[in-house]
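Visitor: Protein chains in written order, with the working numbering: chain D, 1 to 267; chain S, 1 to 593; chain X, 1 to 201; chain W, 1 to 237.
Heads up, a few of these hints could be off.
Between beta-carbon pairs, the in silico distance windows are [to be verified]:
#1 D:Ser111 <-> S:Phe67: 46 to 54 Å
#2 W:His57 <-> X:Ala50: 41 to 49 Å
#3 W:Thr215 <-> S:Gly64: 30 to 38 Å
#4 X:Trp51 <-> S:Phe67: 50 to 58 Å
#5 W:Thr225 <-> S:Gly254: 50 to 58 Å
Derived DSBU-like pairs: lysine-lysine, alpha-carbon spacing no greater than 30 Å straight-line [stated by the list, open to error]:
#6 W:Lys235 <-> D:Lys261
#7 D:Lys3 <-> S:Lys532
#8 W:Lys201 <-> W:Lys179
#9 S:Lys574 <-> D:Lys77
#10 D:Lys151 <-> W:Lys135
#11 S:Lys459 <-> D:Lys77
#12 S:Lys532 <-> D:Lys84
#13 W:Lys119 <-> W:Lys101
Bear in mind the hints are in silico, worked out from the structure with no lab data behind them. Idealized CB from N, CA, C, for every residue including glycine.
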Amino acid sequence: MGKFFAVVLTIIALVSAVPIVRHTWWMPPDISTHGHAIDEQLTDTMAEAGFSFLAAQLLLAFFVWKFSERKDSGPIKSLPGGAKGLVIAALILVGTEMLALGVLGQKAWASVYFTPASPNALHVQAQAGQFAFYFRYPGADGKFGGLHPDKIDEGNQNYFGLDPANEVEARDDIVTGELAIPANREVLLLMHSKDVGHSFYVPELRMQQDFVPGLDLSVHFTATKVGRYEIVCTQLCGLGHYNMKAYLNVMAQDDFEKWLKQKASEQ
Amino acid sequence: MQEASAPQAQQGHHGPPEGFIRKYVFSLDHKVIGKQYYALALVAVFIGMILSWLMRYHLIYPNGKIFGLEFLSKVGAPGGVMTPEYYLSLMTMHGTLMVFFVLTNAPFAAFGNYFLPIQIGAEDMAFPRFNMMSFWVTFVAFLVLMTAFFIPDGPPISGWTAYAPLSAVGPDAGPGQGWGQNLWGISIALFCVGSLLGSLNFIATTLDLRAKGMTLMRMPLSTWAWFITACISLLAFAVLLPACLLLVLDRMAGTSFFIPAGLVVSDRLQAHAGGSPLLWQHLFWFFGHPEVYIAILPAMGIVSHILVNSIRRPLLSAKVIIYSMMSIGFLSYMVWGHHMFVSGMNPFSSLMFSFPTLTITIPATVMTLIWLGSLYGARIRFTSASLFALGFISMFVSGGVSGFFLAQPSIDIYLHATYFVVGHFHMVMGVAAIFAVFAGTYFWFPKMTGRMMSEGLGKVHFWITFVGTYCIFMPFHYLGLAGNVRRYSSFVDDFLLPLMPVHRFITIAALITGAAQFIFLYNLIYSRFRGKVAPVNPWEATSLEWTIPSPPPWNNFGDRHPIVYHDPHQYGVKGSLGDYVMQDSPEKIENES
Amino acid sequence: MTTSEKTAAVIRTSAEEAARSGIWVGIAAITMTFAAFTSAIIVREGTDTAWHHMTLPAVLYLNTLVLILSSITLELSRRPIAARIRGEQGAAGGSRSGVLWLAATLALGLVFLFGQYAAWRQLAAQGLFLATNPSSSFFYVLTAVHGVHLLGGLAALAYLVWKLSLRAPGLRRSTVEATAIYWHFMGGLWIYLLLVMRTRL
Amino acid sequence: MKVNHILMSGIAVLAAAAMAVAAPGSGTVSGKVTYEGTPAKQKPIDMSKEPSCAKEHATPITTEGVVTGAGNTLENVVVYISAGAPDGATAPAQAVTVTQKGCQYVPHLVALQVNQELKIVNEDQTSHNIHPLAKSNREWNKSQPPGSPAISEKFDKEEFIAVKCNIHPWMHSTFAVLKTSHYSVTANGGAFTLPNLPPGKYTISAWHESYGTQTQDVTITGSETKSISFVFKAKAY
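Please model the complete structure; the sequences and the hints are all you need to start from.
Guide: Encoded structure:
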């Protein structure tokens, strides 16, 4: 029985590791300027976690194999070094590993959250609501119109609650269902929630940030690869949560300007 | 006994129970209450498992008909096709049932109630009436939660974490967010009351009712775990209770604790102002993270208790295990923020929460190494109980290592709210704790019922469950790494479609593994009535519960008042009975520390 | 002394201790609950742009005095009751005074609750209800939750008065002490809450 | 396809009107609904979130808050007798159907009688959610996965109910629940006819989702055809 347990456990441990090693299911390629830090951090952690996982499982398997149904009734042997040895080992190994990770982690984290957006970053407002994202560009005047929740009228595409009748700034605001941005230019995303909690997640962009109602947050990032990527909601927001998505459209600068003009004409 | 029972009656201690009601329903006997908790958890766990079956099936056949589902809810599953909101309802109920009524009740309340007093040589809990109340309040909480299935709108859809404002604004937020969410809030509030009464009892009992010679350090590790857990849950539920109160007030009295101004839900401007959604998250996770340890610490204790018996030698150091459990309990109050790295909390505090979280891995690793190291030079006996105990260690490691990732805010940016997280907590908190409950059941069933369980069925059950759970939950991590978002009722995003084969595999594994649990159920019921009659000490164990008849009399030790001479791990020694010495046997052991 | 008598003796003493430690454990939990409320107030105040401060009804200060007074009467009742429980000779009269002091405590407790109710009525008259603004919400919640806990204390007091006035046997010293500790804690808790509400709401 | 649906429901409405009248008269009120000023621009709807729907529309469809025809005519206006109607109280047997197709409601607006059956069909490959934000009627909120049976509901009070799909925010409609059987929904050309009116004094109301209600009084004597017209003020914003 013990030997069988050891074999099964060994197989499980090794098989589990295969997809990780072969990257069968893995992160999509990174398209951001900050992402590599996160990827490195994750790869390092994977190395250490993977080692600890295999070491522990295989050790368990080995001991169970070796000490199952021992018949001899001699005095019990104990692991050389005993508990003290193990505790010290744990403190040194795990302690230093974890501390290292913690410190390294700070770097990646800081690159996302502790650096201010550059002054010439493109300002886009993202609004999350049940169950779609909508985006707003300030238009020619470079100013956003104010938000008036009472003016929201989704049937007529007034998702933000703009008041063009009384506010000039609002008249040229460009409201779109996809987030188009120029490649290699920093974007400052001003995040506003219309109703409940939502989240902005683009795996390729290595970016995830919650929309918190009543608390307008912002994130800034620079996309480097032209292409079309999915923005999905990762904060449970109600029955349409699974279906809440939009597209991030990274374009060349001039394509972006064309697109913006065309959208402006549709408003 | 006559002279004794009179003063006892005055002590709020009870005489032998008379009549069916007093014996089996409103019983003051901690053993009956323990069994009641176990039964409740058993019902809850099977409901929860069937819910997970329905969810897994829906995930691979989003438009598939499920026979009979429309009879459970006409609105939730028109023509047997599950609606998105009904998926979320089932998900919410699955989480709530499993976390509260299974993982909190089974390892802690059920086994703790039954064995903590016996293991410290007490006749009963310190406050038997509180004890009875704590179960029946919990039971009412369960009924209230279940009612949600039978109201028109169905159960709530906001998940077991009930994030505000989704959970706070009321019916506008979607089906189930009306009375369903109210019932949820009330149920959890009641559950808090029950848990508080229970924890109070555990603590007072452990501190004051220990038998002569039962020093704190001579308590079995299981008792230690229950004691530490009681301390944690006392403080944790004392915070969740007010949180639920405020939530219910927001919903039913129009207050705005968690709801900010200017929300437009279902085209309606909500008449609330100034509340803070993050406040709910802080209050909830201040409870929620310790809750994880409320589930896993008793499991650690039970496993240590059973492991040491089946390896026939003392652990390398019981003290280290105890101190590790204490430090985990202590640290568990400084890490709740790691659930909120991307919730818009101040980024600096994210780092402040990251370090203690990483630090928790140290005591956890220490315990794991002690368990592993203790196997060295052991004479392992393979019973169903010991297999599940060993399986626990394996699961705890597998689930633990993924914690390395989630403890780091930078990686959490990518992995937060993906199946990686789901895999992590299902393995380390769900499956691991359940393995400990299985181990405990196979180990203590003879004492609780006076009959042995079938070892053959037990082993079949173990092998399918062990391999099966790995097949279910390992792939969750792969899905997470590929960015698969959790809490989706179906996968419509382009980047998720390539992952469907993995989901199919998981669903099949889940159906098989779930089916295997009915072997356990059968074993439980069959052995209860037809099992071999159990001797007093079938496992040649040393702690006090094995010194009294199986099942024990109403006052555990009868007239006898046990006196304890040894620590509970006297295995691998030369004793009159064999390779072990009972805790209460006066015989000397050479070079005992 | 037979084993069973020993058993009984052991159980008696341990049960007494249990009651004592039990009450402290309970107090720990209650403290945690109100700590949660306090932090809720602080967070809530921090996130609210238009935080309405309110002036507490004056009757609260009167209530505070009443509650302090009740703690004093409770202390006065304890020695004679202790004597009565020890079954000292001639403690009968003492015990009666004990009961009287205890009854006084009970009465003062009830007065306090009515005072709280009066405070609510005053606020309601000003148009401040549970859902009017954050301050009023917290005021009602805190006073209500404290009141509910106080009711528990009142029930315990009533039980003691009943036991003593009936000269019923089997009243445990620890029960009296536990009740006393709890009651004093309720007083202290109220003063803390008053300070919080005074400064924050 | 869309036109088809409008015709069908148009016919249904007329049939309903025809058969529900207790004592059919021979008077008729008919006319046109027009607007003056510049109506708000109807914006194209971005359905990229729901590819299965987006690919059903060669060119992106626009919002239907204000649908106009040639000569400033106004569509989707409910013209009905709000007072003085010979009450054909009993609701007609046959149901009014609204179909969710390409993530829009077809027709955009349905008029039906109190207690008349409303059938809601989902022809899309995605789940829809129907949420009538009723005030005097019972509010309900049901999802309809593809392949699930048609939802059948009734409303027992007169009300213009705003309807939304919680899953697709752009999907909005109106259920115009009317007491009378004498009503007409203007289609292409903005024309309406209320036939079979016995002699009497009537108040005719015209309701539009963006421009509100207008009323006119007419008196029918014998079998004449009174023609009236409604003119709504259109605002750019």
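Visitor: Run through the hints listed earlier and report the numbers of any the structure violates, in increasing order.
Guide: 3, 12
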